[in-house]
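J.: Take a look at the letters that make up each chain.
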Amino acid sequence: MNQSHSPDVPTVYLDHSATTPTHPDVVRAMLPFFTKNFGNPSSLYRLSDASRAAIAAARGQVAAALGCSDHEIFFTAGGTESDNWALKGMASARHQDGNHIITSSIEHHAILHTCEYLETQGWTVTYLPVDQHGLVDPGDVEAAITPETTLISVMMANNEVGTIQPVREIGAIAHDHDICFHTDAVQAIGHMPIDVKAMNIDLLSLSGHKFFGPKGTGALYIRDGIRLDNLIHGGGQEKGHRAGTENVPGIVGLGAAIERVTADITGHRQKVGALRDMLAQGIAERIPDSHYNGHPEERLVNNAHFSFPGLDGEALLLLLNSKGIYASIGSACSSGSEDMSHVLRAIGVPPAHGRSSLRLTLGDDNTKEEVKYVLDVLPQVIERLREMGSF
Amino acid sequence: MNQSHSPDVPTVYLDHSATTPTHPDVVRAMLPFFTKNFGNPSSLYRLSDASRAAIAAARGQVAAALGCSDHEIFFTAGGTESDNWALKGMASARHQDGNHIITSSIEHHAILHTCEYLETQGWTVTYLPVDQHGLVDPGDVEAAITPETTLISVMMANNEVGTIQPVREIGAIAHDHDICFHTDAVQAIGHMPIDVKAMNIDLLSLSGHKFFGPKGTGALYIRDGIRLDNLIHGGGQEKGHRAGTENVPGIVGLGAAIERVTADITGHRQKVGALRDMLAQGIAERIPDSHYNGHPEERLVNNAHFSFPGLDGEALLLLLNSKGIYASIGSACSSGSEDMSHVLRAIGVPPAHGRSSLRLTLGDDNTKEEVKYVLDVLPQVIERLREMGSF
Amino acid sequence: MYNETVMDHFEHPRNVGEMEDPTVVVEVGSSECGDRMKLYLKIEDDVIVDVSFKTLGCAAAIASSSQATEMIKGKTIEEAWNLTNMDVVEALGGLPEPKIHCSVIAEDAIRRAINFYRKDQGLEPWK
Amino acid sequence: MYNETVMDHFEHPRNVGEMEDPTVVVEVGSSECGDRMKLYLKIEDDVIVDVSFKTLGCAAAIASSSQATEMIKGKTIEEAWNLTNMDVVEALGGLPEPKIHCSVIAEDAIRRAINFYRKDQGLEPWK
Ligand SMILES: Cc1ncc(COP(=O)(O)O)c(C=O)c1O
Ligand SMILES: Cc1ncc(COP(=O)(O)O)c(C=O)c1O
Chain V
0 MNQSHSPDVP TVYLDHSATT PTHPDVVRAM LPFFTKNFGN PSSLYRLSDA SRAAIAAARG
60 QVAAALGCSD HEIFFTAGGT ESDNWALKGM ASARHQDGNH IITSSIEHHA ILHTCEYLET
120 QGWTVTYLPV DQHGLVDPGD VEAAITPETT LISVMMANNE VGTIQPVREI GAIAHDHDIC
180 FHTDAVQAIG HMPIDVKAMN IDLLSLSGHK FFGPKGTGAL YIRDGIRLDN LIHGGGQEKG
240 HRAGTENVPG IVGLGAAIER VTADITGHRQ KVGALRDMLA QGIAERIPDS HYNGHPEERL
300 VNNAHFSFPG LDGEALLLLL NSKGIYASIG SACSSGSEDM SHVLRAIGVP PAHGRSSLRL
360 TLGDDNTKEE VKYVLDVLPQ VIERLREMGS F
Chain Y
0 MNQSHSPDVP TVYLDHSATT PTHPDVVRAM LPFFTKNFGN PSSLYRLSDA SRAAIAAARG
60 QVAAALGCSD HEIFFTAGGT ESDNWALKGM ASARHQDGNH IITSSIEHHA ILHTCEYLET
120 QGWTVTYLPV DQHGLVDPGD VEAAITPETT LISVMMANNE VGTIQPVREI GAIAHDHDIC
180 FHTDAVQAIG HMPIDVKAMN IDLLSLSGHK FFGPKGTGAL YIRDGIRLDN LIHGGGQEKG
240 HRAGTENVPG IVGLGAAIER VTADITGHRQ KVGALRDMLA QGIAERIPDS HYNGHPEERL
300 VNNAHFSFPG LDGEALLLLL NSKGIYASIG SACSSGSEDM SHVLRAIGVP PAHGRSSLRL
360 TLGDDNTKEE VKYVLDVLPQ VIERLREMGS F
Chain E
0 MYNETVMDHF EHPRNVGEME DPTVVVEVGS SECGDRMKLY LKIEDDVIVD VSFKTLGCAA
60 AIASSSQATE MIKGKTIEEA WNLTNMDVVE ALGGLPEPKI HCSVIAEDAI RRAINFYRKD
120 QGLEPWK
Chain A
0 MYNETVMDHF EHPRNVGEME DPTVVVEVGS SECGDRMKLY LKIEDDVIVD VSFKTLGCAA
60 AIASSSQATE MIKGKTIEEA WNLTNMDVVE ALGGLPEPKI HCSVIAEDAI RRAINFYRKD
120 QGLEPWK
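Chains as they are written, first to last, in numbering that gives the first Met the number 0: chain V, 0 to 390; chain Y, 0 to 390; chain E, 0 to 126; chain A, 0 to 126.
Hints are computed from structural coordinates only; laboratory data are not their basis. We put the beta carbon where it would ideally sit given N, CA and C, even for glycine. Hints are not guaranteed to be accurate.
Heads up, simulated SDA-like pairs for lysine to any residue below, C-alpha to C-alpha not over 20 Å straight-line [unchecked claim]: (1) Lys118(E) / Asp45(E); (2) Lys35(V) / Asp364(Y); (3) Lys238(V) / Arg259(V); (4) Lys35(V) / Pro23(Y); (5) Lys322(Y) / Thr4(A); (6) Lys72(E) / Asp44(E); (7) Lys322(Y) / Ala49(V); (8) Lys322(Y) / Asp45(A).
Away from chain E, derived, C-beta distances all over 12 Å, residues of chain Y [claimed, not checked]: (9) Thr10; (10) Asp96; (11) Asn98; (12) Pro128; (13) Gly224; (14) His290; (15) Gly309; (16) Glu382.
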């Protein structure tokens, strides 16, 4: 447990799906590119050789993590930009072939709001339902396909309840129908092995700050032969596909971070999986009327998501905060039941459960001790809030 | 002069318009937000207070530099994104009012290629000519206005020849006709005082790495009351106008850098102006058949742009490189006369001059000694190349 | 996100709990966000001599409940009637804009309780 | 951007300059990018015994000129005729894709010079 604001309160960060600290090794890799090797990669002179070489190396690191070729990787400013580019770029490039997009109802807003925007521009979008565990049924994907369908976008793993989708099967269906398949893998990187070829993926989004890389960095994998219109026009960077002076330190950090976090996925899964199971089982045992949301097995190895009816999630979050525990809620009070998280609504969580939900997402930097501390504090805090709210 | 690759060759960086090193103070300001204050600004807990406060402070720093309110500043991933957002967002928001855009023929590709894209989407674009010094005539702006015109975009200062446009007059004309006025001020920040209100600017783009801030950071000023469609859809960041987890260290760096570089613009103009004049006069005196491009007075205080007919600019650049001098060419050989820089073509530079052009852009980190070194080396190098190419 | 006064009232809410022998008890719910509050008043000679509450709600709802109960303790029912949710927000030193509505539940509960009391006394409810 | 061999030929070009008493001199220009090259050959018994050049062009054009002149020195005109720009690029260890065309000027100049020479000798130009 780290040092924290007040001497006797520990700091237990359990919100790795929101963001992660940039790993010190990653920061170290980035530093020379701020001050020393600062040359614009587009410049011809020797000073810029280091920038160019560093970008090429980072491209290789990302490609290696996904099982693709270097030239299939394009750097962006984050997962949101990658998602926007994939959807708008593909919709636009294939608008002559059709105007129908299929996605799921539990995508991140970066996908959903982009789809809603495309709907205002003449596209039709099917938002597939999910079962109570958050799973998309590949049969539903197949059934939703029309002659107008040009793009299917289904996330690899959900950011709230952690459910992992049958991406390979969905990709195969897409390809059977000559439809492009995009997956938002922002939450998946580092937590499960990814091979874009074997998984039938044409486009894949990722975001650096979700795996101990820097914020404001991301990438889009674009399979060879897939033609995408540009999202951001201007200079000839990224082989003319994504304009703007390259964020060299950020790209270096993204590369270092993805290499680091994919170096030993098996070990990570064992370690973090054990902590998560200890946490989830401990909660189930100690806290009455607790409900585990998401899929029992097909879920992110670091995700535990619960509802504790009889209290408000935000209040829970803030009391945990005062105990040095940082977590996330499924749905904010200001939004209330009507605005309950679209994910919880889609998996059929009742409003009273939805407003009382808590997401705990672990990382390699968490320890058994920390989990024990949470299992100590959480039941007390929940009991206190339930007592105050029961009548 | 800094230490460099080989012990006896100095390093003289004269390409500040391409990019700048991130200032050590700026890096220092950024560092805590990678590892310590890494919380997602959207998270409710105390850990994220520092991120939120830092973003608010940076917004204030940018606003102070431009003379606007904090809530008129929106962070982006660079000048290119800001330009794309301004043009596409405004074109789209006002498409009911008209489909005509006015810009100049010497804008950066971030503007020109975005305009070309908009042309494929049904917009009409007028590319105004400039005089031999690179100036847009406000009369031409007025004459180009049609009832369909919804947006005028003219850069504050040109990135190649440094010409400063009569932005205030153009803005006044735009407002007389109820047309939105955008200016790309990427090259201007720190080199001249800017007051968006007095200068009649509705939208302004800037990019951090041009003024000793980090690459991959930028901002768009959106005047109160101006409605712009979003470019990047997703989460509710930037008050719902620009989605994506905030690049907190980058934003902090941008704020620190703009505060630093606008703290003493008068002093900067005196210091760098003197160096630039020493350089330009020295070149004019020592190098026969040299041609100073751009405007004699209305130009960026750090910009010197020359043509040296009888040689190739890239060859010149590389020989300078081997002497430790880093500069930029107006137009690359691989492109040749047909593809001569659109800016040089627009100001009527003949192809033989265009291919032999050199841009030297100074910064506060340059010294008199360095300028002397350049004035020593440049004539020799030019003579050698001219000798090799004269017959 | 919340200021220190709000956090203090949230972490250490005043007047929490049930009350023996209250003069009046009401339960109100906000349909907007599902918050619920139970308010107990002990009233003597039109003066609120004791008050307690229970709330299921976010930090803003709990802090507003706590602050509001502090503000009406010892006051006449007329004074309590005139307390608005914005008075409570002000006393808390402000709430984030999207959380303002969470303070309405306390005002609601107090007015509803006062009118219950008045009806009990055979008086017209206030409007 | 350029490899070391290219940079070496560019910074220290071989065979630069005018030649006294050349057998043949040609001047060629690339309309594509405005490069120009002047090539001097001294030919004895169909063997290129000396060569020099001047070039106005980018680093790739200068390095290609230098490399090409090295490759034809001492060679028969037939051998020189068969030298292609890609041979030069290969000898240089490669050029960036958009710079390949800059190596064509040297091949052009050599072939043009050889045919001048052959015409001088009353022979048919090669194709
Ligand atoms: C599944 C998913 N997609 C997309 C995003 C957007 O990524 P970013 O905020 O880095 O742009 C996130 C995280 O915020 C996410 O969890
Ligand atoms: C005038 C101008 N506009 C826009 C840009 C684009 O900025 P960035 O490359 O940081 O996206 C640049 C610099 O590259 C520029 O000089």
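J.: Going back to the hint list, which numbers does this structure go against?
T.: 3 and 8
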